[in-house]
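**Q** With chain A fixed as given, assemble chains B, C and D onto it according to the hints.
Protein chains in written order, with the numbering used here: chain A, 1 to 232; chain B, 233 to 464; chain C, 465 to 683; chain D, 684 to 902.
Just so you know, the hints here were simulated from the structure itself, not pulled from any lab data.
Here the structure is a predicted model, which means the values were calculated and not measured.
Just some of the chain A residues that point at chain C, by a computed CB distance under 8 angstroms: (1) Gly2; (2) Leu3; (3) Tyr164; (4) Ile197; (5) Pro202; (6) Asn203; (7) Tyr211.
Stretch by stretch, here's where chain B covers chain C in the computed footprint (C-beta under 8 angstroms, at least three residues): (8) 505–513; (9) 534–546.
C-beta: ideal position from N, C-alpha, C; glycine also.
Chain by chain, the residues run as shown.
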Amino acid sequence: MGLNKCVKNAEEAIHDIQDGATIMLGGFGLCGIPENSITALVAKGVKNLTCISNNAGVDDFGIGLMLQTKQVKKMISSYVGENAEFERQLLSGELEVELIPQGTLATRCLMAGYGIPFFPTPAGVGTEVADGKDTVVRNGKTYLIEDAFDAEFAIVKAWKGDTYGNLIFKDTARNFNAPMAMAGKTTIAEVEHLVNIGELNPNEIHVPGIYVHRIFEGSNYEKRIEQLTVRN
Amino acid sequence: MGLNKCVKNAEEAIHDIQDGATIMLGGFGLCGIPENSITALVAKGVKNLTCISNNAGVDDFGIGLMLQTKQVKKMISSYVGENAEFERQLLSGELEVELIPQGTLATRCLMAGYGIPFFPTPAGVGTEVADGKDTVVRNGKTYLIEDAFDAEFAIVKAWKGDTYGNLIFKDTARNFNAPMAMAGKTTIAEVEHLVNIGELNPNEIHVPGIYVHRIFEGSNYEKRIEQLTVRN
Amino acid sequence: MGLNKNQIAQRIAKELQDGFYVNLGIGIPTLVANYIPHGIEVVLQSENGLLGMGPFPIAGHEDADLINAGKQTITTLPGSAFFDSAMSFGMIRAGKVHLTVLGAMEVAENGDIANWKVPGKMVKGMGGAMDLVASAKNIIVAMQHTDKAGNSKLLPACHLPITGLHCVKKVVTDLGVFEITKDGFLCTEHAPDVTIEEIKAKTAGKLTIAADCKIMEVA
Amino acid sequence: MGLNKNQIAQRIAKELQDGFYVNLGIGIPTLVANYIPHGIEVVLQSENGLLGMGPFPIAGHEDADLINAGKQTITTLPGSAFFDSAMSFGMIRAGKVHLTVLGAMEVAENGDIANWKVPGKMVKGMGGAMDLVASAKNIIVAMQHTDKAGNSKLLPACHLPITGLHCVKKVVTDLGVFEITKDGFLCTEHAPDVTIEEIKAKTAGKLTIAADCKIMEVA
Numbered sequence: 001m002g003l004n005k006c007v008k009n010a011e012e013a014i015h016d017i018q019d020g021a022t023i024m025l026g027g028f029g030l031c032g033i034p035e036n037s038i039t040a041l042v043a044k045g046v047k048n049l050t051c052i053s054n055n056a057g058v059d060d061f062g063i064g065l066m067l068q069t070k071q072v073k074k075m076i077s078s079y080v081g082e083n084a085e086f087e088r089q090l091l092s093g094e095l096e097v098e099l100i101p102q103g104t105l106a107t108r109c110l111m112a113g114y115g116i117p118f119f120p121t122p123a124g125v126g127t128e129v130a131d132g133k134d135t136v137v138r139n140g141k142t143y144l145i146e147d148a149f150d151a152e153f154a155i156v157k158a159w160k161g162d163t164y165g166n167l168i169f170k171d172t173a174r175n176f177n178a179p180m181a182m183a184g185k186t187t188i189a190e191v192e193h194l195v196n197i198g199e200l201n202p203n204e205i206h207v208p209g210i211y212v213h214r215i216f217e218g219s220n221y222e223k224r225i226e227q228l229t230v231r232n
Numbered sequence: 233m234g235l236n237k238c239v240k241n242a243e244e245a246i247h248d249i250q251d252g253a254t255i256m257l258g259g260f261g262l263c264g265i266p267e268n269s270i271t272a273l274v275a276k277g278v279k280n281l282t283c284i285s286n287n288a289g290v291d292d293f294g295i296g297l298m299l300q301t302k303q304v305k306k307m308i309s310s311y312v313g314e315n316a317e318f319e320r321q322l323l324s325g326e327l328e329v330e331l332i333p334q335g336t337l338a339t340r341c342l343m344a345g346y347g348i349p350f351f352p353t354p355a356g357v358g359t360e361v362a363d364g365k366d367t368v369v370r371n372g373k374t375y376l377i378e379d380a381f382d383a384e385f386a387i388v389k390a391w392k393g394d395t396y397g398n399l400i401f402k403d404t405a406r407n408f409n410a411p412m413a414m415a416g417k418t419t420i421a422e423v424e425h426l427v428n429i430g431e432l433n434p435n436e437i438h439v440p441g442i443y444v445h446r447i448f449e450g451s452n453y454e455k456r457i458e459q460l461t462v463r464n
Numbered sequence: 465m466g467l468n469k470n471q472i473a474q475r476i477a478k479e480l481q482d483g484f485y486v487n488l489g490i491g492i493p494t495l496v497a498n499y500i501p502h503g504i505e506v507v508l509q510s511e512n513g514l515l516g517m518g519p520f521p522i523a524g525h526e527d528a529d530l531i532n533a534g535k536q537t538i539t540t541l542p543g544s545a546f547f548d549s550a551m552s553f554g555m556i557r558a559g560k561v562h563l564t565v566l567g568a569m570e571v572a573e574n575g576d577i578a579n580w581k582v583p584g585k586m587v588k589g590m591g592g593a594m595d596l597v598a599s600a601k602n603i604i605v606a607m608q609h610t611d612k613a614g615n616s617k618l619l620p621a622c623h624l625p626i627t628g629l630h631c632v633k634k635v636v637t638d639l640g641v642f643e644i645t646k647d648g649f650l651c652t653e654h655a656p657d658v659t660i661e662e663i664k665a666k667t668a669g670k671l672t673i674a675a676d677c678k679i680m681e682v683a
Numbered sequence: 684m685g686l687n688k689n690q691i692a693q694r695i696a697k698e699l700q701d702g703f704y705v706n707l708g709i710g711i712p713t714l715v716a717n718y719i720p721h722g723i724e725v726v727l728q729s730e731n732g733l734l735g736m737g738p739f740p741i742a743g744h745e746d747a748d749l750i751n752a753g754k755q756t757i758t759t760l761p762g763s764a765f766f767d768s769a770m771s772f773g774m775i776r777a778g779k780v781h782l783t784v785l786g787a788m789e790v791a792e793n794g795d796i797a798n799w800k801v802p803g804k805m806v807k808g809m810g811g812a813m814d815l816v817a818s819a820k821n822i823i824v825a826m827q828h829t830d831k832a833g834n835s836k837l838l839p840a841c842h843l844p845i846t847g848l849h850c851v852k853k854v855v856t857d858l859g860v861f862e863i864t865k866d867g868f869l870c871t872e873h874a875p876d877v878t879i880e881e882i883k884a885k886t887a888g889k890l891t892i893a894a895d896c897k898i899m900e901v902a
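Chain A on its own, in the form it takes in the complex (with noise of 0.2 angstroms):
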């Protein structure tokens, strides 16, 4: 029927995805990043990626692992630190990347998912970001005009999901999951617990399924901690 997105896997889910696409892929750090969708995009080998991700993961988990196999050809990122192989491709010139802040980052998401074209925002005012884009004057205080973005695919991980594609995170890991779901014209979803309608609170609800086109329970999650910190 047509609103159960399901799909069988993570290879399914992501089937259509091209040489050359544009991609936003959700998380932060390593905290909810779509661990299954990744490792399919690295069996199925599409190259000359564009990903639009707030930090490009480590040498061997997360985008890093997209890194090693030099699908990736541009990186659009807050942060991306942490990443030997990322650095000698970026030194070499066999990888471009795009800085942008991360608040910028989060909010080009979000209108996108609401329809909005474009914003204004302080953050980057004075700075290289401001190069080469419009500004406007509020108030007596400056602002930069940031475009929404335009991805054909956004590729989430949450916690919870249902087969209208109806999402729920849990804690830290909802961060750039929830504004790229809704900024995707193909927004893909991998849940830990995939359930039938119907067992999600309506009000527990953060991203509702008319944002989501394919959920698909994953598998073997490993949810590696990036700085494992603890009280002494």
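**A** Chains B, C and D only, in chain A's frame:
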């Protein structure tokens, strides 16, 4: 302590709202309106208010009560039917009304809460709503430039809230309450159930307490139904 | 004779496709929900903050916190989701709603619509109509072909204050089905017992009758 | 000798007021959380989506889904709330965060800050720093007064690529406390064992010593 936003009741919550103030009032129709605060505003007798609210209540309930007492100078709304006294004051020139599209109204609240001073929307292009407004064309589509609201007070009604001001709404009573809660310079929340911190699931909070300045548990909610419709 | 309101709604329901998210306006559009074809699933969006609008509640089970955009008490369905008004119009503006059905006072041959204001009468407001018509990809108008005085509501240009420009894709009236084309109204179906001559007489805007114009199938 | 990092954090903690929502950057700013004065309550905002950041978890209780902006495992506290990155920067941009503390490579006498990029070195990105400095009403910089080569980091103008303009309100270094005024850096406190002469020698930007400049009280 500084994070405890609790006040005793509606009277205390609205104590500093003065004649001529601009107030946002949550709710859609009579659904989710801040009943206790409206009663307190009527009792206080504060005048010449500019009220930003999707609707204007009915003759004997909601903002209609403040119209009966002639406390409202101007309404900024998307729809103001179902109110004879409203119509009388409008036609007699006692009341000023600014009608704006519902999505524009909601988004002007949201943008205030997100610190984005203006935004483009296609709603109202080619209509009298566009009079005097800047327009911009993106990808062949025309947009009006609309400003975020700048309201001194937002008064909202939630289902549950904790002493830090974290809010959870119920069903369609979320409506304008959530974006308005984010938009007030001072936000007052009345709730059906005020609980201690730790009693709300941090994943289920719709509006974080950082946006809320005063909270109290209301009493004697009538929760009037405007159009009672039942199945045959 | 032409169609009654339920028959207009029934005809519009045929435009629904499996998996559609649909926003139904107040009046005849609301009736479309009663005629969703068997074998397809659609989700009704209520712009006050609900996806998955269900039927009216059983008497005694109504909830003041659960209403539709017409302020009627309603219910949810399995798979429903609540959200605030900003997100509601966000998804509308972003084109996520596949079909919007609404009433109108006038539709122009270029797709302009007027449905919110009559000069000289108390203005109640546009509600969400301007957002919907400015954003929706697919807008169908449900209305009577003529006003009470018998004047055509399908016009060369709107006389009343505009709600939105170039937005209506199709009009279903008591007399027939009219697509908006660059050549004006294209009549693709006519009501049983309604003649092409009557449609021509009652349509003030530029009208073309499709070569394969057929009789509407309604119960 | 000057202050150590913990002492810098301890001094900044005195700027906290009861009821403040506070964003602490990575490095010395994070340490401020260890010195919240008794008798006041503050909420720590982590820009990856949490209000009410608690201490690190007890070993074995860490949760990969619960981290701070430095990607460290953390905990929540009673009254915590989660939200997405768009709302997080929404509340920052709307000025709801009372105090932002962050590190810097350079601060200019007009309040400009540079803390994200060193030409010739691998650029990791600005993260949320540009949003924070452009939006916060009250920004305190925590940093060493000089770089490893002994060059002043309090400058007439930033040499490094700018993070934000005219935004820093106060700088706390190992040598003292410096308010940004229209006349440049105003030294209001100096570290124990640090002379005014040393501060003058190590401050390249325009410097004024407050008439009532006092010795910093740190443990």
